[in-house]
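Following the hints, complete the assembly by docking chain B onto the known chain A.
Protein chains: 2
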Amino acid sequence: MVLAEELAKQQKSISVAEFFEKNKHLLGFDSPTRGIITTIKEAIDNALDACEESMVLPDILVIIRKTGSDTYSIAVEDNGPGIMPEQVPFVFGKLLYGSRFHQVRQSRGQQGIGISAAVLYAQLTSGTPAVVISRTGAKTKAHRFTLMIRTQTNEPEVLSHEEIDWALPHGTRIELEFASSMAAKKRLLEYLKYTSIVNPHARFRIEIDGEGTTFERVSGEVPPCPRSIKPHPHGIELGILKRMAAASDLPVEVFLQEEFSRVGKKTASEILALALIDGGVTASSLSPPDLKTLLATMQTVRIPAPPAQTCLSPIGEELLVEGLEKEFALDFVKARSRAPGVFSGHSFVVEAAIGYGGRLEAEGSAKILRFANRVPLLYQQGACAITQSIQSINWKGYGISQAGLPMGPVLILVHVASTNVPFTSESKDAVASIPEVEREIVLALQELGRDLKLFLSRRDRGRIAEDRARAVCAIIPDIASKVAEIVEAPVPDTSAIEGRIMRRVVVKRGLRGDHVSIRVDNHTAKPVELTLYDISADTGEGATIPPDFVSDLDGETTKCWRVALPPHESFLTEYPGSGGGSLSVQGIDESQMVLLNLDE
Amino acid sequence: MVLAEELAKQQKSISVAEFFEKNKHLLGFDSPTRGIITTIKEAIDNALDACEESMVLPDILVIIRKTGSDTYSIAVEDNGPGIMPEQVPFVFGKLLYGSRFHQVRQSRGQQGIGISAAVLYAQLTSGTPAVVISRTGAKTKAHRFTLMIRTQTNEPEVLSHEEIDWALPHGTRIELEFASSMAAKKRLLEYLKYTSIVNPHARFRIEIDGEGTTFERVSGEVPPCPRSIKPHPHGIELGILKRMAAASDLPVEVFLQEEFSRVGKKTASEILALALIDGGVTASSLSPPDLKTLLATMQTVRIPAPPAQTCLSPIGEELLVEGLEKEFALDFVKARSRAPGVFSGHSFVVEAAIGYGGRLEAEGSAKILRFANRVPLLYQQGACAITQSIQSINWKGYGISQAGLPMGPVLILVHVASTNVPFTSESKDAVASIPEVEREIVLALQELGRDLKLFLSRRDRGRIAEDRARAVCAIIPDIASKVAEIVEAPVPDTSAIEGRIMRRVVVKRGLRGDHVSIRVDNHTAKPVELTLYDISADTGEGATIPPDFVSDLDGETTKCWRVALPPHESFLTEYPGSGGGSLSVQGIDESQMVLLNLDE
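Chains A and B, in that order, give the protein sequences. Heads up: the first sequence begins at 19 in the numbering used here, then just goes up one per residue. Heads up: the second sequence begins at 19 in the numbering used here, then just goes up one per residue.
Bound-form chain A, shown alone (with noise of 0.2 Å):
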């Protein structure tokens, strides 16, 4: 037998620098394909973050150069409040280092890996250090960083400092070099595309070896930043609330309404009643069986949700509906923000649209787009609880097909926001299974479920009504002819009879003895705005609505009337004319238009 001894030898403490080193694909750099996305995903996650904290406009860069067979240097500059020169060792090269892990609030980052884990990354594979530059102000120099971590120690080594001049008067540059691959160009692209729609106040340029790309910012406002909330009493874990205990000493009944969200005083002294613990005696001195009745009545006693709207920071229906339209002409889209929900102590919101048709594919499985406080989801998607939670829904009820996911021209959208959202691993991948938020997303997709099949069943019964029409029409000129043997009378015009059914719009030029008409009659059931412009040597002068315009040339003259008219209403002008010339119509599209210059 091997004694303890020996084994007790090996026994040592690893860093968590050498322990993501080792286990890099569990922070989304499984390969160097991969790698260069993460890096850049990361490093937009920072400078946004850091752009809405400090009220910036973000306006960011991405420069991806090739310098050897298999090796990239990537650029990312953004123009935010930059950092510290003291913090920027230990903001790039020290894994486990940042801001906002402790903030009960949305945001993009929060475990201070991300950046540091790119550093790592690009040294273990190129062995080249980082180089980062920072400015905070226009009054400072900016500075220019270069450094590596430490692994066994999970500590920055700067190998070189100095200031420099800069042409922006503040943000920050970080510079890395790896070995990689532009495999997944389409992907990056496709990231910064969705990340747009999402962040519609931020600039993004990109360069690949030259040749550059902008997505450029439709809206001129920084969103809120979302503000930081205390922990809800629902959220908390016996441990936690034994850390906060003991390092307080205000009296308890204080401790609860400074140090918890949604407490005030009424509440407090409920808890303490019902838990039998006297309100005055200091936090730090309750004993573990009172820490842990009071956790326990802290969980059954009824208390409002946390404060969503000033933590949280939800795109919006709108904002949706504009982006996706924008990026596919969809001929239906639609958006829903649920109101905010919890789980396990944490606000959150689901927000999902729908859309149909227009540039959209119309073989295979639906397009699934999945965000996460506003940051694409790339990877993964079938161990996503967003895509379970869309295969969960009978499809076919809305008048959709499926295999799994639903199939045909569809886009499916939804945007998970949370103080806390449970990605299922380090590398943000997927959303893990939570009942509260998968509820939260079925129940948005079923009500925009609704309203594609509503849309559906609209544009069905639209085509049956047209096809009905079509067979009538082609037979009108038939009896027309007929009708006029019989009579003997000559052939009438039926266009304007087609057009009524067609449920279009009719415009007819004709000359009635020494004046020239012009009728638009609107059979469709949408208002309708065109303009009519009429050249021929007639003036117009006299004309019964008189020309919005009129223009002379070479003896002919144009005239043109702006025209606006609801559903199932007429226009009609006549002038003194002996017609000729020609008559066009612009603002509405022909397939919608039946156009007759009987006088020609």
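Just so you know, these hints were derived from the structure itself, not from any lab. A hint or two may mislead.
Since copy identity is lost for identical chains, a pair holds within one copy or between any two.
Listed next, the in silico DSBU-like pairs over lysine-lysine satisfying Cα-Cα at most 30 Å (straight line) [stated by the list, open to error]:
hint, residue 1, residue 2
1, Lys157, Lys30
2, Lys40, Lys30
3, Lys260, Lys284
4, Lys544, Lys344
5, Lys27, Lys157
6, Lys159, Lys30
Below, chain B without anything else, positioned relative to chain A:
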């Protein structure tokens, strides 16, 4: 704009214990129900690893007691080598502390996180410390500790430490209390059952509130402990090579041979010649560009795969088949161990088994058993590369219906053993998607699928033959009575003919004058073994084949023959007597036999 100074004030270091406390779901502590299973799994992983290292046959006891309305006490005790008292606080009270992190070999635990995470979870949910007892040999006393983890620093806090008497000569016991539920009791027993299948040398006893279950060991041999090997040149990254070189004062040529697996003098010279590096210079003096070239060359030169036999410990085909047969009484079962493979320089081996019929459920999806390094994987089946590989196979081609997963009474077992199993998350629930590994899984299952197909088509042929035989048998009595009528003879007994047509065993006892005859005909295609019990007033003396065993009781004699018959052979014995009494047969299923006692 908020200035960088203000943001800097919130920046701080986060301890790895704080990180995992907040993100406990990453380690498999997502819910109280799961917490109990994860804790037991971590303790058992450690126990099995330690027993293997010290060549002890593991004897593991798990005790679960309800201590409150929703609190449970969990104790896991093993007979391993024990832990040196000075190590105990670190092993249980500090995350990222362990002995196997830097070893290149198959082991269950690796990061030194699991059991301390359980301690963290216990103190978080119940506020109580862990109790650890450990004894390293019969000559020393046992040590008993109560300890917690200081979350903010990730350092152990020993609350008490004393020497005590303990029944076991060596071993370790950990006891934790936490908020949980026994909702997952079935899954827990399943976990133990599967663990015992792949660790046949271990005995597990579990007591849940006094009710005990034992999973007995079926093998008395400790499997050889995988030995640690040096890293393979194809699996190394620049950052690691730099670190290894910096720490070595050997000439590069020797450095390569000493520090890497499978590099001999010839390979070292080849690498150095191609890299244009002088083999005589000290490794630590190599410049960064030299190291880059060296790495690139190391990875292009052909080098044999790492020595999988020493560093891996597969289960073996025979053991897999035995374990499954015992558990599910399968109609068909076959296992395959593939030859070792390599991904990124890490050795791995894939083993698979397919079972059919028996106690498996006839309806629904196939039963999937996933293992990694001899540990069953219970969660996140959908996210696992094993499941995805199974789904990628066209099972219909093997006669199995399929809806994503194969359907019907099918069991599929896959074991991935590796020096570095690529898990999708630190909770070790699912194997990540690595093309080399997935390819081996698919190949193993395809081979087994072909065998299963053969079995199924033979069985179907057998069924058709049986249906025909049954039809023939149905008319035999009619034919017999018709023929008897014609030839005016008594109706003969046709059972033996039926037995022959139906491919069964026919056992027939009859009286010929003053002799009793017993005849056994094996009409099946398999050898049979059975025991005849002939009970009557006859003594059986003078039998042509004497009984193997005779016993008298109250004037009746039991005569007993053990009969082993190859396919299509017969057994016949005769003895003087007058018959009567009874004949019974043991050792063969009734459905496989026709028993005729003709003298009754």
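These are the hints, each one checked on the structure:
Proximity of Lys157 to Lys30 under the C-alpha cut-off of 30 Å is restricted to the inter-copy arrangement: shortest distance 26 Å between copies versus 48 Å within a copy. For the homomeric pair Lys40 and Lys30, the shortest alpha-carbon distances inside one copy (16 Å) and between copies (24 Å) are both at most 30 Å. Taking the closest pair of Cα atoms, Lys260 and Lys284 come within 30 Å of each other only inside a single copy of the chain (23 Å); across copies the shortest separation is 63 Å, beyond that limit. In this assembly of identical chains, Lys544 and Lys344 lie within 30 Å of each other by CA distance solely inside one copy; the values are 21 Å within and 74 Å between copies.
Taking CA atoms no more than 30 Å apart as the test, Lys27 paired with Lys157 passes between copies only; the shortest distance there is 20 Å, against 55 Å inside one copy. Taking the shortest Cα distances, Lys159 and Lys30 sit within 30 Å of each other only across copies (25 Å), while inside one copy they are farther apart (44 Å).
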